[in-house]
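*Asks:* Which chain is which? The protein sequence lines are A and B, in order.
Using this note's numbering, the first residue of the first sequence is number 471, and each one after it goes up by one.
Using this note's numbering, the first residue of the second sequence is number 11, and each one after it goes up by one.
Rather than coming from a laboratory, the hints here were simulated on the basis of the structure.
These figures come from a predicted structure and were not determined experimentally.
All residues carry an ideal CB built from backbone N, CA and C; glycine is no exception.
Take these hints with a grain of salt, some might be off.
Claimed, not checked - Stretch by stretch, here's where chain B covers chain A in the computed footprint (C-beta under 8 angstroms, at least three residues):
no., stretch
1, 503-513
2, 517-529
3, 573-581
Claimed, not checked - Quick list of in silico lysine-lysine cross-link-like pairs, PhoX-like style, CA-CA up to 25 angstroms:
no., chain 1, residue 1, chain 2, residue 2
4, B, 77, B, 66
5, A, 548, A, 481
6, B, 77, B, 13
7, A, 532, B, 108
8, A, 481, B, 66
9, B, 13, A, 532
10, A, 481, A, 532
11, B, 66, B, 55
12, A, 485, A, 532
13, A, 548, B, 77
14, A, 548, B, 108
15, B, 52, B, 108
16, B, 66, B, 13
17, B, 77, B, 52
18, B, 108, B, 55
19, A, 481, B, 13
20, A, 548, A, 532
21, B, 13, B, 108
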Amino acid sequence: NAGVIQTPRHKVTGKGQEATLWCEPISGHSAVFWYRQTIVQGLEFLTYFRNQAPIDDSGMPKERFSAQMPNQSHSTLKIQSTQPQDSAVYLCASSPPGGSAETLYFGSGTRLTVL
Amino acid sequence: QQKVQQSPESLIVPEGGMASLNCTSSDRNVDYFWWYRQHSGKSPKMLMSIFSNGEKEEGRFTVHLNKASLHTSLHIRDSQPSDSALYLCAASRTGGYKVVFGSGTRLLVSP
């Protein structure tokens, strides 16, 4: 079991450019979560899919961030017109089916740096 | 907005000592709590979960939960330098809901 796979590991963009982050959940897991982590803000919830359907995107900055899960094997987080304050480690996590409590298995993260 | 508060922000304990970490949720509908551990440069990994009132022990780690006060605590006995990490408390409601994390307690176990 390879665990949750996130690509790329590091991404550097210029201010105003677009960034697309990829996540492959653990096979058989039914939920995918996106978080971002900074020293100042800690681990912030962004959005959540279950069985590919969007459940909660209350943490997403609405204007420039979007997330999709086109099939059960991958999810993407897209940031348009990146700003320096978007610099963070973006973490994807998946959760197995069954039960009502989501125990999360995290990927290694994508470190986004916006210059 | 649901918040998860952790204390202390940082903690230093001697090797072999006891570390005690605290966590409280502001959401009265929370049913589930987890403790995750994140070593420097790594991603968080689930350490323990607790969903019912009372105590749960796994090796050197013990968690307590008081649902009435929405408070959980994690106790690490015989602390080892390898326990040095950021400890994150997480909480969620039942029925498929987002998992919210606290800001963490940074534990340093000094040899």
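*Asks:* Could you run down the list of hints and mark each one as holding or not?
*Replies:* Cross-check of the supplied hints:
With 4 residues having a Cβ less than 8 angstroms from any Cβ of chain B, the stretch 503-513 of chain A passes the three-residue criterion, so the hint holds. Under a criterion of three residues with beta carbons nearer than 8 angstroms to beta carbons of chain B, the stated coverage of the stretch 517-529 of chain A is upheld, 6 such residues being counted. Remark: the stretch 573-581 of chain A is confirmed as covered by chain B, as 7 of its residues place a Cβ nearer than 8 angstroms to a Cβ of that chain, reaching the required three. The hinted pair formed by residue 77 of chain B and residue 66 of chain B meets the criterion: a straight-line CA distance of about 14 angstroms does not exceed 25 angstroms.
With a C-alpha separation of about 13 angstroms, the suggested pair residue 548 of chain A and residue 481 of chain A falls inside the 25 angstroms cut-off, and the hint holds. For the hint pairing residue 77 of chain B with residue 13 of chain B, the CA-to-CA distance comes to about 16 angstroms; that is within 25 angstroms, so the pair holds. At most 25 angstroms may separate the alpha-carbon atoms for a hinted pair to count; residue 532 of chain A and residue 108 of chain B meet this at roughly 17 angstroms. For the hint pairing residue 481 of chain A with residue 66 of chain B, the CA-to-CA distance comes to about 41 angstroms; that exceeds 25 angstroms, so the pair is violated.
This hinted pair checks out: residue 13 of chain B and residue 532 of chain A have alpha carbons roughly 21 angstroms apart, not beyond 25 angstroms. With a C-alpha separation of about 22 angstroms, the suggested pair residue 481 of chain A and residue 532 of chain A falls inside the 25 angstroms cut-off, and the hint holds. Annotation: proposed proximity of residue 66 of chain B to residue 55 of chain B holds, straight-line Cα distance about 18 angstroms (limit 25 angstroms). Proximity of residue 485 of chain A to residue 532 of chain A is assessed by CA-CA distance (about 18 angstroms); at most 25 angstroms being required, the pair is judged to hold.
As the CA atoms of residue 548 of chain A and residue 77 of chain B are separated by approximately 38 angstroms, the hinted pair breaks the 25 angstroms bound. Note on residue 548 of chain A and residue 108 of chain B: the hinted pairing holds, with a Cα-Cα distance of about 20 angstroms set against a maximum of 25 angstroms. At most 25 angstroms may separate the alpha-carbon atoms for a hinted pair to count; residue 52 of chain B and residue 108 of chain B meet this at roughly 22 angstroms. Proximity of residue 66 of chain B to residue 13 of chain B is assessed by CA-CA distance (about 24 angstroms); at most 25 angstroms being required, the pair is judged to hold.
Straight-line distance between C-alpha atoms of residue 77 of chain B and residue 52 of chain B comes to about 31 angstroms, which puts the hinted pair past the 25 angstroms bound. About 17 angstroms separates the Cα atoms of residue 108 of chain B and residue 55 of chain B, which keeps this hinted pair within 25 angstroms; it holds. At roughly 30 angstroms between alpha-carbon atoms, residue 481 of chain A and residue 13 of chain B are farther apart than 25 angstroms, so this suggested pair is violated. Restraint check: the Cα-Cα separation between residue 548 of chain A and residue 532 of chain A comes to about 12 angstroms, which is no more than 25 angstroms; the hinted pair holds.
For the given pair, residue 13 of chain B sits about 12 angstroms from residue 108 of chain B by alpha-carbon distance, which is consistent with the 25 angstroms threshold.
Violation of the numbered hints given earlier is confined to hints 8, 13, 17, 19; the remaining hints are satisfied by the structure.
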